Amino acid sequence: MMMHAVNIVTIVDTIAALSSGSLRNHVYMADDGWCSERKGTAELATACYPGQPISWTVHAIDVQSPALISEIRILDLAPHGPAARFTPGPEAGGAPQWTYWSGLVPCCLPPGRYGYRLQFQLGRGERSVLSIDTPALNVLSWTGAQS
Numbered sequence: 007m008m009m010h011a012v013n014i015v016t017i018v019d020t021i022a023a024l025s026s027g028s029l030r031n032h033v034y035m036a037d038d039g040w041c042s043e044r045k046g047t048a049e050l051a052t053a054c055y056p057g058q059p060i061s062w063t064v065h066a067i068d069v070q071s072p073a074l075i076s077e078i079r080i081l082d083l084a085p086h087g088p089a090a091r092f093t094p095g096p097e098a099g100g101a102p103q104w105t106y107w108s109g110l111v112p113c114c115l116p117p118g119r120y121g122y123r124l125q126f127q128l129g130r131g132e133r134s135v136l137s138i139d140t141p142a143l144n145v146l147s148w149t150g151a152q153s
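Sequential numbering of the sequence shown, starting at 7, is according to our numbering.
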């Protein structure tokens, strides 16, 4: 069965984050999932199914200080194997696409809430790499799933 992708959009107030040295209160996340929770916050819990495509996009509020995705790490996989780490890189033959990243929810992942770390490169400089550990994938059971 072909599933539509869940699209997650992250907005980062890069100037405020760089000034404070933290993403706390400077990240806003939303998705187009039908029953996701905490939209508009950094605690977004994206509803998804095993095998479903997920796409992350990041935008900076200030165009002078870009925000790029530098890593996505699923944190809560210990009972199911090692933590999954995804470091975006340039696509073959093209320029880096670090404002966009996509992947699949692992097919063997049982239902549950799995926190993940979203790490950003904000502009350049010594303290320009910041991350949040507050979003989650809320993997739902196939029972009662709609196609």
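To be clear, the hints were calculated from the coordinates, so they are not data collected in a lab.
This structure is a prediction, so every number in the text was calculated from the model and none was measured.
All C-beta atoms, glycine included, are put in the ideal place defined by N, C-alpha and C.
A portion of the hints provided could be inaccurate.
To be verified - Estimated spans, in silico, between C-beta atoms of each pair: (1) T63 with D139: 16 to 22 Å; (2) P59 with R133: 29 to 35 Å; (3) G27 with S147: 15 to 21 Å; (4) C114 with Q70: 41 to 47 Å.
Failing hints, ascending? The structure breaks only hint 3.
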